[in-house]
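Work out the full structure: start from the sequences and follow the hints.
Chains W and E, in that order, give the protein sequences.
If you use numbering that gives the first Met the number 0, the first sequence corresponds to residues 0 to 231, in order.
If you use numbering that gives the first Met the number 0, the second sequence corresponds to residues 0 to 337, in order.
Hints were generated in silico from the structure; no laboratory data involved.
Incorrect hints may appear among the rest.
[Claimed, not checked] Here are some chain W residues the structure puts well away from chain E; computed CB gaps all over 10 Å:
id, residue
1, THR67
2, THR98
3, VAL129
4, GLY137
[Claimed, not checked] Restraint-style ranges between C-beta atoms, simulated for each label pair:
id, chain 1, residue 1, chain 2, residue 2, range
5, W, TYR223, E, ASP130, 27 to 35 Å
6, E, GLY127, W, LEU41, 54 to 62 Å
7, W, ILE212, E, SER72, 51 to 59 Å
8, W, HIS222, E, HIS197, 44 to 52 Å
9, W, HIS222, E, GLN138, 31 to 39 Å
10, W, VAL52, E, GLU78, 20 to 28 Å
Please read these numbers as outputs of a predicted model, since none were measured by experiment.
Positions of the beta carbon are idealized from the N, C-alpha and C atoms, including for glycine.
The lines below spell out each chain.
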Amino acid sequence: MFYFIEGIEKAFQLIFALDREIFAIVLLSLRISLTAIMLASLIGGPLGFLMAVKDYWGKKFTVVLVNTLLALPTVVVGLIVYSLISRRGPMGVFGILYTPSAMIIGQFILATPIIIALTYSAVQGIDKRVRNTALTLGATESQSAWMVIKEARYAVLAAVIAGFGRVIAEVGAAMLLGGNIKGSTRTMTTAIALETSKGEFGFGIALGIILLIIAFSVNILLHYFQSKQVGI
Amino acid sequence: MNEPILKIKNIKKIYNGRIVLDIESLNFQKRKIYAIVGPNGSGKTTLLNILNLLLKPDKGQIFFREQEIINQSDSKLLEIRRKITLVNQDPFLFHSTVHDNIAYGLKIRSLSSAEQLIRVKHALEMVGLPDFEKRSVDQLSGGEAQRVVIARALVIEPEILFLDEPTTSIDQKYIDIVERIIKKIQKEIETTVIFTTHDLSQAYRLADEVISLLNGKIIKQVPENLLWGEIIEVDGSKWFNVVENIKFAVVTEKVGSAYISIDPRDIILSYERFLSSARNSFLGKITKIIEQNHLVKLEVDIGVPLATIITRESFQDMNLNLGSNVYLTFKASAVKLY
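If you want it as structure tokens, here you go:
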């Protein structure tokens, strides 16, 4: 038990001393996850929107598919992307395995279904009169679509935050695709896994505390935006 | 007569194999107010939505200023759509401020912010809600919300303003306000106003022309012997007070101002008052005789003019002339209330 208390003590020392290595890892994690979430929003947001407003053949199937993808195990995503980008894979020529780009791809795949599914339900929940009202006031189809998104703004933001919460905390894909290389692809989660196995509890706990704080903040934001949307 | 701003020809709309709208031709003049009346399911809203281009008819043509518009390109259609607007029966306000709502139509027309501010202010003054710009729409009462919706439509200065049952979902006390606003819009921004209502008296109060729909078709005859008056209660029975000293016995639950109509075929004409179950009998003078094939339509002045229709045989047997004194008799249940 003693080593654990010692670890916590060490963790706070590291955090309050603004330990360089710790903060480099935190910043890298944020950079990778924020980039992934931005890309996922750019793709997933419009897709979720289109799924909600358009009637097309196989709509039910895509809804079920996207919802299934929500539960995608992170290691499986890591494995699939790994097989594609490893040197023997079809995209091996790019040489991106064990780089932040590889991790961004993995996290993008994890976050996109979340953003699609939550945007889909957000837009579905929007009053059908929004579109007609915009149209009767002279809006073009795209202007009316933008109005629908604006009406769903808090729910769409909540979708993005939920996606971020998932990727910042995942370890499977980051480990497989990033390789946990110090200074290059070592993120909070992979560092915790490594340092713990090395017995460096203090370092691991320090990162764990920061990760918890981030996760906690994300959830507060998520809750805030969800309650805002309900008020709408 | 000036050229119509909006015209439809041979319009048909079919839902599930049933014809819900079948109109041969209809013209709307500039700067006039039109009411589309009819019971629920008569096709009022379908007609309104075809006119405002939300709905495509299955057959027929629509002309905006003599220009056919159904098969126009999207950009041309948008241009026309931007000259008209609709206020829905169950209107929706965007979750934002009053200003943002009213300015929306101006924003998408790329007007400058300064221009938007001026026009929003003016629109709010017109509906009697000055200085409401910064309010959130959540803080509005039902009547205020309805007026903001109207302001949002009129700020565009549309050439045609459509209103679907503008006073159905609001409190009685706001109806008068909304009606006055509609009149004001037509006068001040020279808009053609087309609205639906199931309140016939409202239609006659506001409109220059009333279009009556039944089962998706226009009924040409406006109800005959249409009179405006007051329903009063005397000793437990209801009377319709037309003018002083003339009261019709009526069957109704309500009191207050109303329109009534009496089918001319339901009125019996006689030289003498006779004993019957009919509770209305009035002495009058024949002022007009119109012969229509086998029937004769007579106008009798009993203090107000009432039309009655009798067969040509009766007309000849009774030897009726202009100026003859006759009694008109009809049952209380023959008086139709609106």
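Comparing the hints with the structure gives:
1. THR67: holds, 33 Å
2. THR98: At roughly 43 Å from the nearest Cβ of chain E, W:THR98 sits farther out than 10 Å, so the non-interface label holds.
3. VAL129: Given that some Cβ of chain E is not farther than 10 Å from that of W:VAL129, nearest at about 6 Å, it is violated.
4. GLY137: violated, 4 Å
5. W:TYR223 x E:ASP130: 27 to 35 Å: At roughly 31 Å between Cβ atoms, E:ASP130 and W:TYR223 fall inside 27 to 35 Å, so the hint holds.
6. E:GLY127 x W:LEU41: 54 to 62 Å: Check failed, 45 Å falls outside 54 to 62 Å.
7. W:ILE212 x E:SER72: 51 to 59 Å: Since the Cβ atoms of W:ILE212 and E:SER72 sit about 56 Å apart, the hinted range of 51 to 59 Å holds.
8. W:HIS222 x E:HIS197: 44 to 52 Å: holds, 46 Å
9. W:HIS222 x E:GLN138: 31 to 39 Å: At 25 Å between Cβs, range violated.
10. W:VAL52 x E:GLU78: 20 to 28 Å: holds, 24 Å
Of the hints listed earlier, those the structure fails to meet are numbers 3, 4, 6 and 9, in rising order.
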